[in-house]
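**Q** These are the residues of each chain, in order.
There are 4 protein chains.
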Amino acid sequence: MKIAMLGSGFIARFYADSLIGHRRLDTLHAVYSRDIAKAKIFANDYKLPVYSDDMHEVVNHPEVDVVVISLPNDLHLAAVAACAKAGKHVLCTKPLGRTAAEAKQMLDMVEQAGVMGGYLEDLCYTPKFNKSLASVKAGALGRILWAKSREAHPGPHSNWFWDKEQSGGGCIVDLGCHCIEIARSYIGKDIKPVEVMCWAATQVHPIDAEDNAIGMVKYANGAIGQFEVSWCFRGGMDLRDEVMGTEGTIWINNFLRTGFDMFSTGKGGGYVAEKAESSQGWLFPVGDEVNELGYNHMFTDMFEAIEQNRPPAETFYDGYVVNAIIDAAYASAKSGIWEPVKIEDWRGSTQTKIATDFASFDEQYYLIKEEILPHGERKLILKDKTTGEVVVRDI
Amino acid sequence: MKIAMLGSGFIARFYADSLIGHRRLDTLHAVYSRDIAKAKIFANDYKLPVYSDDMHEVVNHPEVDVVVISLPNDLHLAAVAACAKAGKHVLCTKPLGRTAAEAKQMLDMVEQAGVMGGYLEDLCYTPKFNKSLASVKAGALGRILWAKSREAHPGPHSNWFWDKEQSGGGCIVDLGCHCIEIARSYIGKDIKPVEVMCWAATQVHPIDAEDNAIGMVKYANGAIGQFEVSWCFRGGMDLRDEVMGTEGTIWINNFLRTGFDMFSTGKGGGYVAEKAESSQGWLFPVGDEVNELGYNHMFTDMFEAIEQNRPPAETFYDGYVVNAIIDAAYASAKSGIWEPVKIEDWRGSTQTKIATDFASFDEQYYLIKEEILPHGERKLILKDKTTGEVVVRDI
Amino acid sequence: MKIAMLGSGFIARFYADSLIGHRRLDTLHAVYSRDIAKAKIFANDYKLPVYSDDMHEVVNHPEVDVVVISLPNDLHLAAVAACAKAGKHVLCTKPLGRTAAEAKQMLDMVEQAGVMGGYLEDLCYTPKFNKSLASVKAGALGRILWAKSREAHPGPHSNWFWDKEQSGGGCIVDLGCHCIEIARSYIGKDIKPVEVMCWAATQVHPIDAEDNAIGMVKYANGAIGQFEVSWCFRGGMDLRDEVMGTEGTIWINNFLRTGFDMFSTGKGGGYVAEKAESSQGWLFPVGDEVNELGYNHMFTDMFEAIEQNRPPAETFYDGYVVNAIIDAAYASAKSGIWEPVKIEDWRGSTQTKIATDFASFDEQYYLIKEEILPHGERKLILKDKTTGEVVVRDI
Amino acid sequence: MKIAMLGSGFIARFYADSLIGHRRLDTLHAVYSRDIAKAKIFANDYKLPVYSDDMHEVVNHPEVDVVVISLPNDLHLAAVAACAKAGKHVLCTKPLGRTAAEAKQMLDMVEQAGVMGGYLEDLCYTPKFNKSLASVKAGALGRILWAKSREAHPGPHSNWFWDKEQSGGGCIVDLGCHCIEIARSYIGKDIKPVEVMCWAATQVHPIDAEDNAIGMVKYANGAIGQFEVSWCFRGGMDLRDEVMGTEGTIWINNFLRTGFDMFSTGKGGGYVAEKAESSQGWLFPVGDEVNELGYNHMFTDMFEAIEQNRPPAETFYDGYVVNAIIDAAYASAKSGIWEPVKIEDWRGSTQTKIATDFASFDEQYYLIKEEILPHGERKLILKDKTTGEVVVRDI
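Protein chains in written order, with the UniProt record's numbering: chain S, 1 to 395; chain U, 1 to 395; chain Z, 1 to 395; chain F, 1 to 395.
Careful: at least some of the hints might be erroneous.
[To be verified] Taking beta-carbon pairs under 8 angstroms as the criterion, some of the chain U residues facing chain F (in silico): (1) S135; (2) N254; (3) R257; (4) G259.
Think of the hints as simulated: they come from the structure by calculation, not from any bench.
Using N, Cα and C, we set each Cβ at its ideal position, and we do this for glycine too.
The shape of chain S in the complex, shown without the other chains:
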């Protein structure tokens, strides 16, 4: 398939590296940038026959099958509109919209046009995520109680992120979109997100948006998805997930502690490792960043989905749900109360019962805990189903 790239900045290059990595079948054919000089450099670096500062020319180019959107957040809507009009499949970077309202328009456009809307949520395609999600789905962790995702670094590279009008917000919209979708995936995409409580503050940078935030998303089954996002973190890129189930635990570290430690006095030479804040002291590079961050598996799923005429794992609908949760998070950060998640078009389960499967010990008692004491004795802590009394029984 031939692919057009809209945008030529940091993320466009990341996407391009992945698209052409490992001798892929699919080829990058055209690039659009608002700045023709940048489009030319990009086309030159990746050997693309077509470049332009006219988005419609690129989108409508007859050899282009699929369009990848790597533009600032405020330009997603217009780009998706152009693709839908041109009848081209469209893969849009995260977050889908600045608001749920924008995301809903994009969702409607691709669905009406009958093209595929792929949501480029790379962190839901990392090798560690793929394998752990399979374990969770197979029941290895039992019922999921809590899923936390944390993304924190010293702030984004491109200036438009720092302008709330273009970006739609601060670290919640930039990083929270990842964390929300990761937690939602572990808890189950079929389970409705109900309400959100969020703290957000501008603690360090002279900006209008938040640079530090923590939020909790409550799901219809009682599970909690937590996000911790920050542009104030020092030490590199902190990218960790934790999942807690009734029968198990998952801890994932995608950066900084992945089994690759390097120390350098800095006297030996210039280059040490890309992306490190420094070239001295202890450094923690990631082996193959493009693969570790999920880009390879993401694009493979997207192109196979198009060929097989099936939805990819991450669709515009998922992007819309994430935006709806972000809207609720911003509302809560302002109001200080739990705010409802407003989804116009909920497609999952409508069950609202909180899961409770208390372990019954016998007719009379619930089992609270079986305890093995230091010297090997065992005891049972039980609760009378009627009186509520807590009793101990040695065994």
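Once you've looked at the hints, dock chains U, Z and F against the given chain S.
**A** Frame of chain S; chains U, Z and F shown alone:
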């Protein structure tokens, strides 16, 4: 100094091991338990001349200088009252009270009696905590923005914890007291905790209290102290702290990943490591648990404080502040809004200004970020102080 | 390019997964197995048009451009001979030969036939290795003093490994080939390996070959390459490298501790993670095994090398050097002395001087060390160039 | 007990911190230094009533019960002689002698004088070592096959270490003494060390002794104790142990990765963490160094041994065995062959049979391995006891 122990359960033995560890000057002399048989066993194990099921007899024993309270939460108040009346120094396990009201009574009692009230918050004495707090105080992390402490395990050993009447609550009162005081210490004990937002739920166990909770404590300077506590965690004891400052980061792992990994097929023999959930597979023992969990440094500080007639690092006043934060957490978990922390007798700073020290670049601009791009170019992201416009300047 | 696979066992499937992974340009076209039933299953699983139990039929198939050898060690020579005769490029799994004599024959065959002989040493293509080797070459670690590679697990899957006649030896020939080439790469492929000291023993299994071994390879510049290999390790697959240079250190962990920890009680469900020894307790899966173990980057290099008519990073010559070092290791394990590495056709540097670049402090003294004492004082430890006397000078 | 300290340098202060730490019963009473000014400073810092530059005066001081030797290696013999003559118990820092001959003299002196000779091998008393040794002794790892200990850092603080005459050698005698005794403890002190193979080189520093070495110690039961020691390591203090048994594995990290990570830009303030090479970037402090390195548990054992009239866990005899192994290591580094360990007075087991307990499957076969294949099939790899043939059997 001669010491009396009130209580003979799990924590009493932990305290006793620490008190007699490493050839200490101080000796354990007497033990009280509600169950005389247990008192006798304890006295026998630790070679104590005095044991009794009459608390007043033990507290008033003429050779006892200091009383250590290791009783269930609902018995702290009466025990402190007995010590105050007897004019004995008293060291009370955590939490101080089931509520702030109880804690305040205990605080008043020891202050009126002129005896020392030491709050046995061991996790604020661990070797890692001591060293990292010194670094924070020396400014190595700059201004503290966020301090998170997490304690999670599969639930407590003793049955009284599971009875809300005796314990005063679930994992918030049991584990949150640690996490709250750890975060408060990093942020600064002089800074007033203002309000709390908390989620709590009974997700797994058939009990009246919560078995999983997450809370945020907002401080007068804008910093956030976060606690994550659970009795539903699988895999051992998860005990981790994280601190984020404008100039640095701290990550502490007190258990499960401390540089001590063991694998056993289980075929070799019985004993592998204490406290593990299993004796097969990968296990993560802690070397010297009593020292790693802070007990040695805690009792050393307490006894030296008595000798030197100075307050220890953790006093009944600290215990009272922690209880006031817990009260607010429970109120918030119920109301769903941020609830104020009510401290009758605030002894710290009354400053309420949120810290903002935005980096000024020049007369016209704030500095948002200095960026080093992959190929070595540098750029500045600036914000116009008047218009708010975000601009980029290459350097 | 169309590819034929010789062999259909464990490693053949690993190679196949990599060859068809991520929508590659290159296609697997034919498979040979000594057992026609296995060939058929393999062809079916990977949708190959051609399968056979006649190796020559597969090698000479007109649509086949490249042959991949995934056969037991004793069959490499005949397979390479067939490819060379057919004028097909050949990629051979590790080790190249059972002995250097075999490897030399294979090297000569492909060179005389003018086809490419690619040595499938995947662990010299892992993402972590690629990045760290780039750092070492850029000088970030200074002069390399020591490079250690460790590979240990509970023993291979296929039965032929355990038969010394087919395999050529035990864990040295199976795992040591990896470790030797990893260390050699860090030290520099241009530097001649001079002699080897090796301990080997059959400690656990009832076999003729060794199941545990440690060896040291001395290079012409004085650097040491160390290998630790075992089929007796419990706990999974231990795959770690360490590099020590005058200006830095590298620690790589390719398995077991890569930032992916999972705990399961085993009660939740069957599947937890592939390759774990158990499905209970703490488990340490690897995200994307094929990528983490270097297969993707390896085949990309191999096919690009063919297209660009250049040697790949790992050639049959490298395989031959590794076999020569292994021969010396076996000789040393038997003789108990340092044994010379015999390379008939050394193509690297012939420099034999041991590197010594002692830091001169001034005319009279060498600098041994500059010391910063606990309270901040600095001192110099110097050695008189003439008398050899060690002196201290405060600064 | 009242204690005299001989020496006032780095290690003397470490010992003193431990001796007075945690309100110990035992008191430090006197100090000797060759430099009276240093003795005075030391006495002042630790509040000692007695200090002197006359060793005999300190040793014979009537209030001194026990003498601790913290002197350079060449002064141990004379100091032990003085203590033995004075009839005082003596605790000597590691290594006991510069050679086995010196160590043997010291051993004979204390045994003839009837005083206790405690060998201050702190790393055989660390909390992690204590607990893991207990597990090994309880059989959790099965039969021990290999025990490796690594100690590496950028070189010692005091100048006398760098002078071969005073120190007796380089990193082998300085650090290898620790590693040898750690491995020997895991393998079993009753098992005779038979021969040693060692590589040693002076790779970086302008000194006469080695600054990098690797050695293997072969024990009478076929187990291998390995030491890796270096004064060339960059990145801090690398202190790790690994044990491999037929039923399990132990990995211990005593420094650099103990669950305590700190990052600092260095802009916040001066002090970050003691002993770090830098105050910027990622740092890995150790919580309570004195406890983590075993000093507290070591002195507790020593003093209790004296009181209970029993040998401590580490005696002068152990120090002598370690010196005998070091002598063999130096001989091997020179000769390039395995050199015998010469112990005049072996007190352990005289059994020399190599342990082999091959698993018998049935009358006809040994069991090599039971294999679980990716899709769940199980197979047995067997070896015919008579013919040696390897066969596979599906189950």
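**Q** If you check each hint against the structure, which ones fail?
**A** none
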